[in-house]
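Can you make the complete structure from the sequences, with help from the hints?
Number of protein chains: 2
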Amino acid sequence: MPPEPDAEAREPIATTTADQAAPPSPGKARPRSPARRAAKPTVALPEDGRMRAVVDAVLPWVDGGRFAIKRIEGEKIEITAHAFTDGHDQVRVRLRWRAEGAPAINEVEMVATSNDAWTASFIPPGPGRYRYTAAAWVDHFMSWRAELLRRVDASDILLAAQTGATLAEVAAARARGEDRKTLTRWAQTLRKRALAAGKANLGHMDTVEAEIEAIKALALDATLAEVAGRYPDRSFEARFSTGTDSDHFGELPLVVDRTRAGFSAWYEMFPRSAAFEEGRHGTFNDVTERLPYVAQMGFDVLYLPPIHPVGRSKRKGRNNALAAEDGDVGSPWAIGAEEGGHKDVLPALGTPQDFRNLVEKANAQGIEIALDIAFQCAPDHPYVKEHPEWFRWRPDNTVQYAENPPKKYQDIYPFNFETDDWRGLWLELKSVFDHWIAQGVNIFRVDNPHTKAFAFWEWAIGEITREHPKVLFLAEAFTRPKVMHRVAKLGFSQSYTYFTWRNDKAGLTEYFTELSSGLGHDYFRPNAWPNTPDILNEQLHHAPRAVFMTRLLLAATLSANYGIYGPTYELMDGTPRSPGSEEYLDSEKYQVRFWDRDRADSLRGFIGKVNDIRRHHPALHGNRELRFFDTGNDLVIAYAKRDPDGGAAVLTVVNLDATFRQSAWVHLDAGWLGVGGQESFEVVDLLSGQRFNWRDGGNFVILDPADMPAHVLRIEGPGVRAKTTEEASNERSGAT
Amino acid sequence: MPPEPDAEAREPIATTTADQAAPPSPGKARPRSPARRAAKPTVALPEDGRMRAVVDAVLPWVDGGRFAIKRIEGEKIEITAHAFTDGHDQVRVRLRWRAEGAPAINEVEMVATSNDAWTASFIPPGPGRYRYTAAAWVDHFMSWRAELLRRVDASDILLAAQTGATLAEVAAARARGEDRKTLTRWAQTLRKRALAAGKANLGHMDTVEAEIEAIKALALDATLAEVAGRYPDRSFEARFSTGTDSDHFGELPLVVDRTRAGFSAWYEMFPRSAAFEEGRHGTFNDVTERLPYVAQMGFDVLYLPPIHPVGRSKRKGRNNALAAEDGDVGSPWAIGAEEGGHKDVLPALGTPQDFRNLVEKANAQGIEIALDIAFQCAPDHPYVKEHPEWFRWRPDNTVQYAENPPKKYQDIYPFNFETDDWRGLWLELKSVFDHWIAQGVNIFRVDNPHTKAFAFWEWAIGEITREHPKVLFLAEAFTRPKVMHRVAKLGFSQSYTYFTWRNDKAGLTEYFTELSSGLGHDYFRPNAWPNTPDILNEQLHHAPRAVFMTRLLLAATLSANYGIYGPTYELMDGTPRSPGSEEYLDSEKYQVRFWDRDRADSLRGFIGKVNDIRRHHPALHGNRELRFFDTGNDLVIAYAKRDPDGGAAVLTVVNLDATFRQSAWVHLDAGWLGVGGQESFEVVDLLSGQRFNWRDGGNFVILDPADMPAHVLRIEGPGVRAKTTEEASNERSGAT
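Those protein sequences? They're chains V and H, same order as listed.
2 is the number of the first residue of the first sequence in this note's numbering; add one for each residue after it.
2 is the number of the first residue of the second sequence in this note's numbering; add one for each residue after it.
Hint data in this document are derived by calculation from the structure and do not stem from the laboratory.
Accuracy of the hints is not assured; some may be wrong.
Some chain V residues close to chain H (C-beta under 10 Å, calculated; not the full set) [said to hold, decoys possible]:
| hint | residue |
| --- | --- |
| 1 | Ala45 |
| 2 | Arg51 |
| 3 | Val55 |
| 4 | Leu150 |
| 5 | Arg152 |
| 6 | Ala155 |
| 7 | Leu159 |
| 8 | Pro406 |
| 9 | Pro407 |
| 10 | Glu419 |
| 11 | Thr420 |
| 12 | Leu426 |
| 13 | Pro482 |
| 14 | Gly633 |
Distance condition first, Cα-Cα at most 25 Å in a straight line; then the derived DSS-like pairs of lysine-lysine [what the hints assert, rightly or not]:
| hint | chain 1 | residue 1 | chain 2 | residue 2 |
| --- | --- | --- | --- | --- |
| 15 | H | Lys315 | V | Lys409 |
| 16 | V | Lys408 | V | Lys362 |
| 17 | H | Lys217 | V | Lys408 |
| 18 | H | Lys217 | H | Lys193 |
| 19 | H | Lys409 | V | Lys409 |
| 20 | H | Lys409 | V | Lys217 |
| 21 | H | Lys386 | H | Lys344 |
| 22 | V | Lys217 | H | Lys408 |
| 23 | H | Lys200 | V | Lys200 |
| 24 | H | Lys362 | H | Lys193 |
Note that the Cβ used here is the ideal one computed from N, Cα and C, for glycine as well.
Here you go:
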């Protein structure tokens, strides 16, 4: 406890301890002892030292409560507290939670599990920011009762009965209505009988003994204990405290996002390549017309690269040529020209009204439009003239373009986050999100957030989501692990991952084990992409169909959030600009492409089936309940996800060899899958419709890449798990 | 970053960024853009958003900084920070530490290890309380230099040279004396040559190219970089922040204790049994005469059970009989009688002056007296009359004695830590420590701290050690793990452990692995006791000599702090009050005993040898560097401790079978022991003096309990490890 200089000057809190009778008469006039005088306060004391209960931990937390844990709407949030008190007294512990900024605190009684750990759960009403903590108090009624249960001596029982009567009386004073009457009556009866028995003729031992047993039974009446338990004395309640300032009562932050933050299928496409005729620049209206194509594949987020005017100065040509030729459209990430900047649309794509129409039509088909927010400017962006102070300047009085020597990106000006006008810059950048939110956009993919000031993101995402709790942010931070984690902690709802480069069984197993159960699982929500316009992974170079199938399937079943960049993906474009390069040849980043989306060999049907499987299997809507199984074959990976609510588990078995048929024995743990103790159990291959009988332990599989390189097996779970009494009771607990 | 309502009203900090030239002339009269106007501040902003560096973690910490990590005087304190910034800029990171309450902050440059982790160490000047944290800033000079190294384009190099000149100039403005001159000269030369080369006739390419190479070399001059590096621009330095309040700059607490907190050998004895003639009550003077006996065994802490007047009311008789008989001395833990209480001495033991004399004489022989502080009262303790409000009262107007129904301890009144006069109680209890500190006592063994209010200990230990940094506290909390850990976190310097009940190889291995490398290693300092007056473990019941030898040896080599309760231990008293009981028969807790300390079979010689080995081997002075080795035999345990400073390692091999000879192959890891890569190496048995040649891998041992049940082998280490340049440099860094 930290010193508090003026503690002695404060009034003590006027609360008496329930089971402590007043001391006998020595009175106030009695002189203080020399010892007491010697101890005259010269040191600082805490405000109230009578809080004997301790809340030693509240879990989970991120970085000591510095950042929020993230959960999904409707998800049960399980909290553990470590709580106890000195000596043998009983404590009661309550989980306390509230919406951020709201005065009303909700409480849930916590239940002791083992070793001084207590648990409870709650389900917040919807997306938003919340705070949670735990409080504990020494419960004198429960302590008294626990001791009485073990008392055998008659005189002790009679004294304890009187103490119990006093406790019931003070509980009655806190109670209302019928409960107050019940407690008062009980206290009176208990006291009367205890006093009478104390005076009873000790000659009639049998009668006295029987009466004492009856008094003990009355004192221990379970119904009355329940009534008294509703009116505890919490005067000396202790709360959890965190951080270096021990005065601070530690409420830990929680962010609850809507469902799509935790489960989504993204499809990225360039609107300018959406035209129905070759040679024409695509438009928002073309995209609107292609919505059914996207919906049929089962995607629920359609993500568009920047839709703003593209800079003309230093515009890059096809295949990133230094100089653009006539008619070259440039990179949409070189944002801004005389037509406008981050709040404007490229005229060739259509009007703002066309865009709003696209958003509306998409929503009507269950698809949300996600915009790409890239905070950087082309040299002719209006900001450059209007806010020269937001950029860095070189000694030759030119603006510093983006560079990572010897590489130069002369068509891109980064913002200078150390500008003296950082306030103006932050507010303007935030207003870009506000602008598009006003146009109906609720999902943003943020380009390279880790190259902008971290503090900006924490502030901007905090401000935006406080006003619009449904807005989601995907962080495109392909960088070092600690930086990616920091970006996630700052508030991004989802994060791109290293999945794109995790191609072998060991790499996939290690990475997804880390993502599902490592340090980041409370705040880092993975979004797995087999490809992006920037990353044509080597494994996809000139790859056969099976590779495109398996990479999509891995992303879709290992990660609850995943996405592809199409139509290059479903049309299996695997041509790099040069051997070994991760750049696409004739990349859409620098030119308009025309795609034959109706090609017979398109993967669109397969993708639609995979997304359909995802949608109908809650096991695939989360990441935590993931387990890998031994196959004895490095080219065959097997893993399952199970549904925490007891629905069907989904077991995926993939042949990672795109060329040869592979066989393996998949060694299951049927108990973990919820089908333990059975001779065998039926599994359904959701891709082929075939049914098999599988068993605990080894199961033979053979997978041919020329045919179907994977099984996605549905395993019926134990059914919706019946709620335990505790859980039901916890959920019943209301607000105080 | 949290909102700060009046941030906009504040003056921005007037600092310019070094490598950012002033923007060109648009001037202040230029109208604001519509976008800027639309973004008029309606939201709160942090105080300064330009702090781009991030300190994501500072480790170690305990509970997010809520409690202090503990270290020993002279120990190098290794701190790791996770720090980085957005983009490609370079950061510099400094460890910052200070004595608590002191304004002077010491800084140590941190060194990047891998993956955004940075390390540095420091050695505080002595026992006390300290704070540490880390600060990081984007270093524009280092970033500029790192970019220049990779630049190839001539015009870029010339521009960069000008930028470098500007950076050198602003560094010069922060520098003093010769450094300032050096930097200024360099800036001038660099700028002049860069400008001249820029204007040079492009016809003479060879000359120009050579000059550009020369300019680049000048700009990258390592000595000049070092000078500039001493004057960094830290205007936008970021510090570590903890807890739920992100505004709070997280300084983490550290407690440095004197050496004996980490390495000590305790000997407990009852002064009343110290008499040299049977039948006489022992005195402090007897204890003083017995100091050489204790010193010869090599103990450095002599711990006395309570020395205060013993209560007469409800006094317990021999072997805990409910009623004392005439002449029974009662339990010294039933503290207080009309002669006085916790600040007084039992007259039969002598005078306060006798006690002070004992303390002085002990100190002169290298032994410290530790007192037992048991905060509880006998019914006739003066506190009971003077402060009835400090106790609980029963309905029959008697004071509530200690009980754990159905057990009763009528001779003991616990304090009521929920008393309205808790302030008076706390101050008085603290004054008990102050009293004995004034008598020269600097070590306290606290009886059952976990049955007193936790908040009291944190406050009392904090107050006492702030005034007396050398005072140590041993917590006698034999209770549940989380409670023991909490007690340790509150500030106790050492803690009793479960060692007393860890008797088999698996139990010892698991427990000491946890103690040396588990969660508690930053705050829980184990003190291992084979016996105490309360615990005669079943393994010692009527046990042969070998058991007493091995239990002592295990305690002394597994734990840097250990103790025994004697002379019962060295005289191998293993008689329980009843079969299976942990109580001693004729326990000294309730009666005076007379011991023949000169018995020929006493273990005192063996104990002296073990303590001598401990004293001369720094490897045994700590707990962190512990490793168990496979022996292939559950009855033979082998483990080593090594010296972090490179001195000899100590390998202990113990036969846990007290009856039969056991043999085993001890499988060493010579690399870990610092003797890797050798065919074989010589080990010396410090108990027998024998020398053996051992090797990496398996080594045969055979141990006979009838003879010597253990080897304690000295393995010469690699010698004192030479300090790396980094370490030497870190240690040189002074205060700012």
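Inset, instruction - Would you pick out the hints that fail for this structure and give their numbers low to high? - result: 6, 14, 15, 16, 19, 23, 24
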